[in-house]
Amino acid sequence: MSPEGLAFLALGAVAVITALAALLVRELVHTIMWIASFFVALSGLYFLLQASFLGVLQLGVYAGAVTILLLFGIMVTRRRIFSREAATGLSLTSLFLALLVIVLLAAVASDLAGASNSTTIHSYAVVDLSSALFGPYGGWLLLLGLVMLSALSGAIYLVREGRE
Amino acid sequence: MDLGTLIPQFLPEFVLLGAGLLILLGERVGLERREYFGALSLAGMLLAFLLVAADLGTPGMGGLRGVSAGQVDGAAIPGALYGFSSLGLWFQEFFLLAAGLVALAFLSRPSVERGAAVSYALLIFATLGMLLVTLAADLVYLLLALEITAISSYLLVGYTRRDPRGLEAAMKFYIIGALSAALSFFGASLLFGAYGTTSLSVIGHSWPSGSGGLASAGYAFLLVGLGFEVTAVPFHMWAVDVYDGAPDEVSAFLAGGTKKVGLFAFVLLFTVPLLLVGSLSSATGSARESIQLSLVVLALLTMTLGNLLALLQPEMKRLLAYSSISQAGYMLLGIAVGTAPALTGASLQILAHVLLKTGAFLVVAAVSALGIGPLVADWRGLGVRRPYLSAAFALFLLGLAGIPLTVGFVSKFVLFSALVQAEGWFLWLAVAGLLNSALSVFYYARILKTMYVDKSPTAEETAPARSGEPLGADGLGWGRAGAIALAAVAVVALGVYPQPVLGALGTAAQHFLSLGL
Amino acid sequence: MSDPITTASFLGLSGALLGIGLFGILTRRNFILLLIAIEIAINAAVLNFVYFAAFASTPASGLNGQSAAVVLVGLAATEIAVGLAIVLALNRLRGSINVTEATSLRL
Numbered sequence: 000m001s002p003e004g005l006a007f008l009a010l011g012a013v014a015v016i017t018a019l020a021a022l023l024v025r026e027l028v029h030t031i032m033w034i035a036s037f038f039v040a041l042s043g044l045y046f047l048l049q050a051s052f053l054g055v056l057q058l059g060v061y062a063g064a065v066t067i068l069l070l071f072g073i074m075v076t077r078r079r080i081f082s083r084e085a086a087t088g089l090s091l092t093s094l095f096l097a098l099l100v101i102v103l104l105a106a107v108a109s110d111l112a113g114a115s116n117s118t119t120i121h122s123y124a125v126v127d128l129s130s131a132l133f134g135p136y137g138g139w140l141l142l143l144g145l146v147m148l149s150a151l152s153g154a155i156y157l158v159r160e161g162r163e
Numbered sequence: 000m001d002l003g004t005l006i007p008q009f010l011p012e013f014v015l016l017g018a019g020l021l022i023l024l025g026e027r028v029g030l031e032r033r034e035y036f037g038a039l040s041l042a043g044m045l046l047a048f049l050l051v052a053a054d055l056g057t058p059g060m061g062g063l064r065g066v067s068a069g070q071v072d073g074a075a076i077p078g079a080l081y082g083f084s085s086l087g088l089w090f091q092e093f094f095l096l097a098a099g100l101v102a103l104a105f106l107s108r109p110s111v112e113r114g115a116a117v118s119y120a121l122l123i124f125a126t127l128g129m130l131l132v133t134l135a136a137d138l139v140y141l142l143l144a145l146e147i148t149a150i151s152s153y154l155l156v157g158y159t160r161r162d163p164r165g166l167e168a169a170m171k172f173y174i175i176g177a178l179s180a181a182l183s184f185f186g187a188s189l190l191f192g193a194y195g196t197t198s199l200s201v202i203g204h205s206w207p208s209g210s211g212g213l214a215s216a217g218y219a220f221l222l223v224g225l226g227f228e229v230t231a232v233p234f235h236m237w238a239v240d241v242y243d244g245a246p247d248e249v250s251a252f253l254a255g256g257t258k259k260v261g262l263f264a265f266v267l268l269f270t271v272p273l274l275l276v277g278s279l280s281s282a283t284g285s286a287r288e289s290i291q292l293s294l295v296v297l298a299l300l301t302m303t304l305g306n307l308l309a310l311l312q313p314e315m316k317r318l319l320a321y322s323s324i325s326q327a328g329y330m331l332l333g334i335a336v337g338t339a340p341a342l343t344g345a346s347l348q349i350l351a352h353v354l355l356k357t358g359a360f361l362v363v364a365a366v367s368a369l370g371i372g373p374l375v376a377d378w379r380g381l382g383v384r385r386p387y388l389s390a391a392f393a394l395f396l397l398g399l400a401g402i403p404l405t406v407g408f409v410s411k412f413v414l415f416s417a418l419v420q421a422e423g424w425f426l427w428l429a430v431a432g433l434l435n436s437a438l439s440v441f442y443y444a445r446i447l448k449t450m451y452v453d454k455s456p457t458a459e460e461t462a463p464a465r466s467g468e469p470l471g472a473d474g475l476g477w478g479r480a481g482a483i484a485l486a487a488v489a490v491v492a493l494g495v496y497p498q499p500v501l502g503a504l505g506t507a508a509q510h511f512l513s514l515g516l
Numbered sequence: 000m001s002d003p004i005t006t007a008s009f010l011g012l013s014g015a016l017l018g019i020g021l022f023g024i025l026t027r028r029n030f031i032l033l034l035i036a037i038e039i040a041i042n043a044a045v046l047n048f049v050y051f052a053a054f055a056s057t058p059a060s061g062l063n064g065q066s067a068a069v070v071l072v073g074l075a076a077t078e079i080a081v082g083l084a085i086v087l088a089l090n091r092l093r094g095s096i097n098v099t100e101a102t103s104l105r106l
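Protein chains in written order, with numbering that gives the first Met the number 0: chain A, 0 to 163; chain B, 0 to 516; chain C, 0 to 106.
Source of the hints: derived by calculation from the structure; they are not laboratory data.
Predicted model, so just to flag it, every value in this text is computed and none were measured.
Careful: at least some of the hints might be erroneous.
[Claimed, not checked] Across the chosen pairs, the derived CB separations fall in these ranges:
1. A:LEU141 - C:SER56: 24 to 30 Å
2. A:GLU3 - B:GLU112: 39 to 45 Å
3. B:LEU311 - A:ILE155: 39 to 45 Å
[Claimed, not checked] Reference excerpt, derived from the structure (chain C facing chain B, CB under 10 Å, subset only):
4. GLY20
5. PHE30
6. LEU46
7. PHE48
8. THR57
9. VAL70
10. LEU74
11. ALA76
12. ARG93
Even glycine gets a Cβ: it sits at the ideal position worked out from N, Cα and C.
Here chain A stands alone, though its shape is the one from the complex (with noise of 0.2 Å):
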C-alpha cells in the first residue's frame, strides 16, 4: 500500500471517530476538543489531496475561527457549560435520512468498482485558484458577500443589547 493510501485511511479513520465523538461526549467543552482535531484531520486530507490553499483556510477558518466561535457560544450561554447533553433516542426521520444516504451511496459505489481511476492527483498553484476564484467565479464570490451582508446586519441586530 502506498504511503497517500495508508494516510488516507488514518486520516479517515480519525474524520469519523473525532467526527462521532464531537456528537456522542457528555461534556460540552470535550466537544469543541473533538470537533477541533475533526476539522485539523479534514485539513490533513485535503493536503493530501494536494489541495494546500483549502488545507491552510480550513486550518484557519474551522480549526482556528469557527472553534472559537463555537467556544465563545458555549461560554456566553454559561449556565449551562458543563451541561450533559441527555442521550435521546434515533427519530425515525433520522433513521429514513441515514438510510436513505447509505442506501445512494452503495449504489453509487457499486457503480463505480469496476472504473478505472485517474491515479494522478492534480494540484493547482493558489495564483490559478486566485484567477479562477475572480475571474470567471467572480460571481459566487459576490453572492457571497451578499449572504454575508444580509447574516451580519441581522445577526448583529440580534445580539446586540438595545434599549427597548
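On the provided structure of chain A, position chains B and C as indicated by the hints.
Frame of chain A; chains B and C shown alone:
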C-alpha cells in the same frame, strides 16, 4: 466581468441593494420612524419593478432597458454563471409584487419599533436573493442565491427579538434551512463529481450518460434539500410551526414569497433533464421517467396530505399554512410534466398564490391586530363586524379554492387542461388535482360559514382591542388596508381579464423550454 | 491490497460524515451540538468538491471544484455566525438553549 457591464444588467438588483444599505445607514444616523424606511423600501421595489418590466420589453419603456433584447432568451453562453430568460424576469416581477405588498403592510406596525430598519433591510435582501435565483445558470450560483434569501428570512422571522415565539420559530427555520443547505450542496458536489462542472445546462444535457449513478444520487439529494425549501411532504413539518410563530407579515412573505423561489429552483434544475431525455433512447428515457415519477409522487403527497391536515386545523394561521403546503403540490405537478402549457399553468398558479396567500395572511395580520384570537372559531360573525375585511378574506379563500372570476380559477384551469393535453397517465393527475380542489373547498367553506353564518361572540367574550396609537382605515392601518385592497383588486382583475399575462407567460414558458434544448 | 484512494472509498468517507451530521441535526437537543452537526454535514460536501477537483479531467474543471470548495467554506462559517446569533438572543430571553425546551411551538 467588470462593473461597466454588470451594473446595467443587474440594475434592479443594484437598486434594491442600494435601498437596503441606505436603510441601514439611515438607522445609524438616527432615523427612527418606520415611515422613512418603509417609503425607501417601497420606492426601491417599485423602481426595481419598473426596471424589470423594461427588461421584459414593455412598450414605451425602452429607455430604462438594461438587458438588451438579444440577451433575454438568448443562447446560453458556455461557462456563464447567469443568464436572462423572460420566464425568470416574470418571476422577478412576482417576487417584487409579494415583497411590495408585505413592505406596504409592514407600515402598519408600531411607528417607532426596535428593528424597524433591520426588518425592512432584511426584507429587501431576501428579495434581492430571490431576484438573483431567477437568473441562475450555474448550480453553485443558484444555491448561493437561495442562501441569501434563506439567511435573511431566518433573521426576519426572529426580528422581534423580545418575542420568544418568533425566536423559536427562527431557530426551527434555521435548523431546517441549514439541513436543506447541507443536503443540497452535497448533491451539487456529486453532480460536479459526475460531470466535472457546475453549469446547469451542461449537467442537464449530460445526464444520465457517463457517471449516471453519481449524478442520479446528486439529483436525489438536491430533490430532498430543495424539498424542504418548498415544504413538499414529507419535508413539510417545519413550515406550519414557522409560519405560526413568525410575525404575521413575515408569514405572509414566507408563504407568498420565499417558498416560490424554491419552486423556481426546481424549474431551473429539472426542466432540462426532464425535457431532453424524453426524445432519446430507452435507457435515458427510463431515467427521465424515474425523475418525473419522483416529482409526481412528491406533488401528489404534498397536495393530498396538506389538504387533509388543513381539514383538521382549528387555528387560522396553521390552517392557512397547511393549505399553502397543499398548493405547492399543484405547482410541483405542473413542473413535473415539463410541457410548455403545464409550465405556464404552474407559473400562473405561482402568481395566483403570491396574491392570494399574501393577501390571506395579511388579513390574518390585520385581524390579530384588532385583538381577535387565533382560532377559526374566534372569527365568528366577522362578516357583520368587519364587512370589508371579511369580504377581502372571502375573496382570497374563493380564489384559493379556484372559484371562477378569480385568478385562482384561471390558473387551475390552465394547469389542469395542460395535464389533460399531455395525454397518457397525466390525465389521472388532473383528476387527482380536481379531487384535491374539491377537498379543499370543505375547509374554505367552513371558514366562510364561521364568518358569515355564525353569530358574533358576545361582548364579554371579545378581547379588548390592543392599545396603542389609533390607526387609520377602520383601525387596520392604511398600509395594511392598502396592501389587502391591492391584492384583492389584482385577484379580481387577473380573474376577469387574464389574457395579457397568460399570453406573455405562455410565450415565456415556450422560450424557456426551447432554450433548454 | 490495492490503493485505497478511490472514488468509492472517498464517497464512503464523505457519505459517513454526511450521515453523522444528519444524525446530529435530527437527534441532538443542545443547540451548540446542532451547529457542530451542521458543520460536519457541510464539510462532507466540501470534501467531495476537493476530491473531485483533485481527480478532474481538465484543469479548468478542477479549478471550478476548488473554487466551489472555497466559497462553501465561507458560506458554512456565515451559517454558524447566524446560528450563534439566534442562540444568544434566545439564551438571553430564556436562559436555556435546548431545542426541546422551546415548547411553545408544537409539531
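Task: Violating hint indices (sorted, rising) - done: 2, 11
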